[in-house]
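Colleague: Single-letter residue listing:
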Amino acid sequence: MPDGTRFARILPYRVRLEPRVEVPRTFEIQVRILAILLSLAIMTIVFLSLHINPISAFKAMFLYAFGKGILSTLSRAMTLVLIAIGLSMAFRSLFWNIGAEGQYLVGAITAFGIGRLFPNLSGYALIPLMLLGGFAAGALYGQLPAILKVKLKVNEVITTLMLNYIAIRLLYYLVYGPWNVKEVVGGVEYTGYAVTNNIPYQAQLSTVGNSTLSYAMMGLVAVFLIAEYLIMERTPLGYDFKVIGDNPEAARYAGMRFLRLTMILMLLSGGLAGLAGAGELMANQHRLRPGFASGFGFTAIIIAWLGGTNPIGILLAGIFIAGIIIGGYNFQISTGLPVGFVGIFQGVLLFSVLFGEFLRRYKVKFERW
Amino acid sequence: MVVVAIVFGLIGYFAAPKGETKVITKPPTLKAAFIYVGDIGDYGWTHAHNVGRLWVEQHFSWLNTTYVENVGAEDARQVIENLISQGYTVIFGTSFDHMIPMKEAAENHTDIIFFHCSGYIRRPNMGTYMADFYQLYYLNGLMAGALTKTNKIGYVAAHTIPEVVRHIDAFALGIKEVNPDAKVYVRVIHAWYDPEKAQSAANALLAEGADVLAFTEDSPTVLQTLESKMKETGTQYYGFSHYSPMQDIAPNVTVSGQLVHWEVIYADILSKVYAGLYTNTNLQDVDYWGLLDSGAVELGGKPGVPINPKFVNDLKSVTVTDKLTGEELSVYDLVMRRLDQMKDKQMVFDPFEAYNEPIMGWPKDGSPEDLQEMIPVGHRLTYHERLVIDWWVDNVVSVGE
Amino acid sequence: MNVQILNFIIYQAMKSGTPLLLATLGEIYAERAGILNLGIEGMMAFGAVVGFGVAYTTGNPWLGLLLGALAGALISLIHAFFSISLRVNQVVSGLALVILGLGIHSVMGKPYVGQKLSNTITGIISPSLAQIPVVGSIIVQDPIAFLGLALSVVLWYVLFKTKYGIILRSVGENPAAADALGINVYKVRYLATIFGGLMAGLAGAYLSIIFRPSWTEGITAGMGWIAIALTIFSLWNPIHALWASYFFGAISASQYLLQGKGIPVDILGMMPYIFTLVIVVIASLAQLKKRIGAPEALAVPYVRGQS
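Chains as they are written, first to last, in numbering that gives the first Met the number 0: chain A, 0 to 368; chain B, 0 to 400; chain C, 0 to 306.
Worth flagging that the hints you see were computed from the coordinates, not collected in a lab. Check the hints yourself; a few may be wrong.
As the list claims (entries may be wrong) - Subject to a maximum C-alpha distance of 25 Å in a straight line, what follows is the list of computed SDA-like cross-link-like pairs (lysine to any residue):
1. A/K364 <-> C/V299
2. B/K230 <-> C/N1
3. A/K67 <-> B/L328
4. A/K150 <-> C/L284
5. B/K301 <-> C/V112
6. C/K260 <-> B/G365
7. B/K322 <-> B/G365
8. B/K363 <-> C/K260
9. C/K160 <-> C/A175
10. A/K241 <-> C/A298
11. B/K151 <-> B/K230
12. B/K363 <-> C/L257
13. A/K152 <-> C/L284
14. A/K150 <-> A/V14
15. B/K151 <-> C/F80
16. A/K152 <-> C/N1
17. C/K109 <-> B/T65
18. B/K30 <-> B/N281
19. C/K260 <-> A/Y172
20. C/K109 <-> A/L47
21. B/K344 <-> B/V396
22. C/K260 <-> A/P177
23. B/K230 <-> C/Q114
24. B/K102 <-> A/Y200
25. B/K363 <-> A/A249
26. A/K152 <-> C/V299
27. A/K364 <-> C/F80
28. B/K363 <-> C/R86
29. C/K186 <-> A/V14
30. B/K230 <-> C/V299
31. A/K241 <-> A/L139
32. C/K115 <-> C/K186
33. B/K151 <-> C/L5
34. A/K241 <-> A/L93
35. A/K241 <-> A/V20
36. A/K67 <-> B/K102
37. A/K362 <-> C/R86
38. B/K342 <-> B/L328
39. C/K260 <-> B/S84
The shape of chain A in the complex, shown without the other chains (with noise of 0.2 Å):
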C-alpha cells in the first residue's frame, strides 16, 4: 500500500514525504526566507485579485516602515522580540504559552504600582526597581500554569489563556478603581477618566530623539538576545529545553527534574513578558489605561515561530513583523486600504513559515506510480 498523503492519488505521480535526518544551517535560513517570499507571493495574487497594484501596496506598505520610518518600527520591534524571545524558549520546550499577553499585562502593573509607591525614588533606582519588578511579576505569573501542567497535566493553552482574561480584568479595576487619574491641568482637577496618572517623570526611559525608541530597550533586547542564545546553546538548562521539546514522553519520567525545568522556563518565559510590560509602559504609554493590553503576547507568538531560536533570526523577525505594523498604518494613509490586510498578511505568513517547516522536515519526492 502506498504511503504519502491521500490527496496524492489525484495526481499521476504519488508523493512520498522522506523525513530528512540532518538539516544543514544554511538550509534554516533558506526556508525562512522561501517563507517570507511564498507569504509576498500569495499576498501579491491576492491584491492582484482584488485590483490593487501590489507594487504600490508593497511601496506603501514597507517603504515607510523600513525608511523614514524606521525608528517607529524598531521601537515597535523591541517590545516584540522581548517578548518573543521567551516565547521561541517556551516553544522549543513545547510548552504553549498562549498568555504573554496577561504575563506582560501584569509586568506594566507591577511596574506601576512601584513607580506610584516611591515616586521620589531617584530615577537610577526607581527604573530598575520597576523593570525587575515587571520581570518578576511576569515570571510569578507564569508559575501557576507551569505547576498545573506539570503536576496535573493541566493544557497549558487553556490555563495561560484564562490567566490572560483574568489579567485584564484585574487593569481594568485598577484603571477604574484605586489608580484612576487625579491631576490638575491649568489648575482645573480631572478625574474619572479612563486612565491612570503619569509615572514617575525620573522613569520615564529616554529615547532616540523625537520616537519612542528607547535606549534602554535596546540594552535589554541586546543582553537577552546573547542571554537566550547562551541559554539554549552552552547551558545544560538550554540542552534540558531542547531534550523535553524533541522527548516529551521521556521528560514526563523525569519527574521533579521536570517540574523544576518548566518552572524556570516559564519563570524566563513570563519574566521577558512581563519586562516587555514594564518597558513599553516607560518607554512609549507612560500611563496604563484599560486598553494596555494591545494583542503583543499574540503577534510575538508569530515573531517566536518565524525566528527559532536563533537571537538573530528572533530580532529580524521582530523587526521584520513591526514593519508591517507600522507598513499597515502607512498602506492605509497612502492606498486607503483597511488596515486589516496586515492581518491577512501576518496570517499568510505565518502558514507560508509552516510551510518552510514542513519542508524543512520533510523531502517531497515524487514517484511515478
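Following the hints, position chains B and C against chain A.
Modeller: Chains B and C only, in chain A's frame:
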C-alpha cells in the same frame, strides 16, 4: 447652517482679490488627518467621526483629508509621526486614548496643529473638542419617565467615566421631573463594543422588571433585544437610540435617542485654521463643547425625527408641571419646549440647575443611602463641575460598581 | 429568586451559550480524531462575514447560515492540510488560522458596515408557545438554539453508540492500530476537522445573522478561545459540552444580576474565567483518577511507518 454661512463669509473675505495692494499667499490646500481608534464601520463612535470628515472634505475644496483606523494608544505616536512626515499639518485624535501620545507629539512638533476629542489636555498647538449628549439624555428621560409602566428604568453603561455619569444623571433628572417614583438601575459591561455583554445586561435589567432601557454601547443590540422581547411577550418596551440612527433597526421600541453631527465642529475648526484664526500658538484655551445650540447634537433616533411618531400620542396623554413656570402641560409639549429652550444660546434651562428644590444625590464611591445635597437651590453646575461629575442623582438606586 | 430572574438566566445561558456550544461540539469531534484546532476564532469570524454577506445579498438568512457554515469548513481545510498532510505543528497552524480568519473577516466586512438584515430568523412566533415555562422563550425565539440542543444529543449518540463514533475515537486514541485495521486515518481526520470548521462557521454565522443582525467587525469577541476551554472542560463529550456551554453562559449572565450589590464589577467579570480554570483543573484531576482524558494522539501528526 449659520456656522457654515459665517465660515464661507470668512473665507470669501480672505480670499477675495484686493485691489492692487497685498497679495495674501495662502497654501492652496490644507492637509488634515483623522486618527480613529476603531473601524469606520462600527456604526458608532468612529463611524460618526468619519461622517463628519466626509462632510468637510466634500464641502471645502481647499481641504485634503486622510484617516487611519484602529489606532490605539500604543501606536498613535508612531502614526502621528508618519502623518507629519507626509505633510499633514492638522491632526485630529478622535479617542481619549490618543490624548497622551498626542500631547507628547505636540511637545515635539510645535508647528503642527493638534485637536483632541474627549480629553482635557491643551497646549498652544493643541486644542480639545467634544460633543455632549446630556441635554438629549435629559429629554429622553422626560419621555422615559412618562412611558414607563413598571417605574423601573434601566441603563446599560459601557464604563462609568464622567461623560457617561453625566448622561445617566441627566437621564435620571429628566425621569424625576415627570415621574418621581421611577427608579434607575445601571449595569456596567466594561466594554465600548460588546453585543453579547450588552444583550446579557439588557436582559438582566428586563428580568428585574425594567421596561425602559437606554444605553452607552456602540451597537443597536440593546434595542434589538427590546424588539425581540416585545415580539415574544407582546408587552410594549421602550428604548432610546444611541449615537447612530438606530430607530429603523428597532422601530417598535425606539422612542427617541441621541445623534451627533461632528461635521459642525470639524467645519468650524478647519475653516478657522484655514482662515488663520487658529494657529499653532493660540489653542491653549480652545475647547469645544458641542451642544444643542450649535447643532453638533440632535435629539432623535433618526435624523429629522426627534420623537418616534408611534409614541407621540402616549406622550401627549401624560401631563406634568413645568417646574419653571408652574404650568400644566403634556410631556410631549414639555419636551418640545425644553428642546427650544436648550437650543437657544441663552440656555434658559439647564438640566443641572436646581430651580425650586435642591438636587440630591450620592457619591459614586459611596452607596445610595449617603444622600447629600449635590446642587443647592439656585445653583447651576459649572462647566467643570459637570465635566468631572462623580455622583449619582438620588433616583439612581443601583449601579454595578 | 423569582421566575423572571430564573427565566432570564436560562434564556441568556442558552442564547450566549449556543454559539459556544456549536463551536465546542465541532472541536470535540476534531480533537476526538486527534486534531487540535485552535483556529476556532478565525473560522467563526470567517463564517460570520460570509454568512452575513450571503444573507444580506440574497435576503435569505437560512442560506446565510448554510454558506457561513460551509465557509468555516472551507477555511478549516487549510488547517487540515497543514496539520494532516504536511504534519506541521498544530498549535501554530491553528493560531495562524485565527489571525488569517480575523483579517479576512475585517476586510470582507467593510462593505456591509452598518447594514442590517431585512429578513432574519425569529423562529415560530407564537406567544402561547412562549408560555412554556423555562425553555419556552428561547425555543420560540431561536431555532438554532434548539438545533444546538438537539445536535448535542445526536452527536453524543453517534460518538459513543455507533460504528462511526468508534472509528473516529480510535483514530484519535491509536491511529497506528486503526490504520492496521484498514481505517483511512487521514480521511477520518480530514473529515473531523472539516466538521469542526462547519460547526464553527455555523456558530459565527449565527452571531452575525441572528444574535445581532447588523454588521460590525469583531462580533466573535473571543468566543472561539472559550470554546477551546469548554472542549476540555466537557471532557470531549458532547453531552457535557451542552451543560458546560450553558453553564458558562449562565455565569456570564449572572454577573449582571450581582452588580450593584457591592462586589466590584471587574471582580465579577473575572468569574467566568476563574470558573473555567477551576473546572479545567478538576477535570484534569478526574482524568488522572478515572483515566478519562484527552485522546491519546491529540495534536500528534500521524505518519504511517513511524510510531
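Colleague: Decide, hint by hint, whether the structure agrees.
Modeller: Comparing the hints with the structure gives:
With a C-alpha separation of about 23 Å, the suggested pairing of A/K364 with C/V299 holds against the 25 Å cut-off. As the CA atoms of B/K230 and C/N1 are separated by approximately 22 Å, the hinted pair is consistent with the 25 Å bound. At most 25 Å may separate the alpha-carbon atoms for a hinted pair to count; A/K67 and B/L328 exceed this at roughly 66 Å. Our distance criterion of 25 Å between C-alpha atoms is met by A/K150 and C/L284, whose separation comes to about 10 Å.
Simply put, B/K301 and C/V112 have alpha-carbon atoms about 18 Å apart, close enough for the 25 Å limit, and the pair holds. Taking the CA atoms of C/K260 and B/G365, the gap is near 12 Å; set against the 25 Å cutoff, the hint holds. Restraint check for B/K322 and B/G365: not satisfied, since their Cα atoms lie roughly 29 Å apart, outside the 25 Å limit. For the given pair, B/K363 sits about 14 Å from C/K260 by alpha-carbon distance, which is consistent with the 25 Å threshold.
With a C-alpha separation of about 22 Å, the suggested pairing of C/K160 with C/A175 holds against the 25 Å cut-off. Of the supplied pair hints, the one linking A/K241 and C/A298 holds, its CA atoms being roughly 19 Å apart against a limit of 25 Å. Taking the CA atoms of B/K151 and B/K230, the gap is near 20 Å; set against the 25 Å cutoff, the hint holds. The suggested pairing of B/K363 with C/L257 holds, with an alpha-carbon distance near 18 Å, which does not exceed 25 Å.
The straight-line distance between the Cα atoms of A/K152 and C/L284 is roughly 9 Å, inside the 25 Å bound, and the hint therefore holds. A threshold of 25 Å between alpha carbons decides the hint, and for A/K150 with A/V14 the separation of about 42 Å lies outside it, so the pair is violated. Taking the CA atoms of B/K151 and C/F80, the gap is near 56 Å; set against the 25 Å cutoff, the hint is violated. Between A/K152 and C/N1 the alpha-carbon distance is near 42 Å, which puts this suggested pair outside the 25 Å criterion.
Of the pairs offered as hints, the one joining C/K109 and B/T65 holds, with about 17 Å between alpha carbons and a cut-off of 25 Å not exceeded. Pair hint B/K30 plus B/N281 holds up; C-alpha atoms about 19 Å apart against a cutoff of 25 Å. A threshold of 25 Å between alpha carbons decides the hint, and for C/K260 with A/Y172 the separation of about 16 Å falls inside it, so the pair holds. Simply put, C/K109 and A/L47 have alpha-carbon atoms about 18 Å apart, close enough for the 25 Å limit, and the pair holds.
Of the supplied pair hints, the one linking B/K344 and B/V396 is violated, its CA atoms being roughly 34 Å apart against a limit of 25 Å. At most 25 Å may separate the alpha-carbon atoms for a hinted pair to count; C/K260 and A/P177 meet this at roughly 19 Å. Proximity of B/K230 to C/Q114 is assessed by CA-CA distance (about 22 Å); at most 25 Å being required, the pair is judged to hold. In summary, the hint linking B/K102 to A/Y200 is supported, as the alpha carbons are separated by about 15 Å, within the 25 Å threshold.
For the hint linking B/K363 to A/A249, the alpha-carbon distance of about 58 Å lies beyond 25 Å, and the restraint is violated. For the hint pairing A/K152 with C/V299, the CA-to-CA distance comes to about 16 Å; that is within 25 Å, so the pair holds. Among the hinted pairs, A/K364 with C/F80 is consistent with the structure: their alpha-carbon atoms are about 18 Å apart, no more than 25 Å. In summary, the hint linking B/K363 to C/R86 is not supported, as the alpha carbons are separated by about 57 Å, beyond the 25 Å threshold.
Of the pairs offered as hints, the one joining C/K186 and A/V14 holds, with about 16 Å between alpha carbons and a cut-off of 25 Å not exceeded. Our distance criterion of 25 Å between C-alpha atoms is broken by B/K230 and C/V299, whose separation comes to about 50 Å. This hinted pair checks out: A/K241 and A/L139 have alpha carbons roughly 23 Å apart, not beyond 25 Å. Using a Cα cut-off of 25 Å, the hinted pair C/K115 and C/K186 is violated, with the two alpha carbons roughly 40 Å apart.
As the CA atoms of B/K151 and C/L5 are separated by approximately 19 Å, the hinted pair is consistent with the 25 Å bound. Distance check on the hinted pair: A/K241 and A/L93 sit about 9 Å apart at the alpha-carbon level, within 25 Å; holds. A distance of roughly 17 Å separates the Cα atoms of A/K241 and A/V20; the hinted pair therefore holds under the 25 Å criterion. For the proposed pair A/K67 and B/K102, the alpha carbon gap of about 22 Å is at most 25 Å, so the pair holds.
Between A/K362 and C/R86 the alpha-carbon distance is near 13 Å, which keeps this suggested pair within the 25 Å criterion. Straight-line distance between C-alpha atoms of B/K342 and B/L328 comes to about 20 Å, which keeps the hinted pair within the 25 Å bound. The hinted pair formed by C/K260 and B/S84 fails the criterion: a straight-line CA distance of about 52 Å is larger than 25 Å.
Of the hints listed earlier, those the structure fails to meet are numbers 3, 7, 14, 15, 16, 21, 25, 28, 30, 32 and 39, in rising order.
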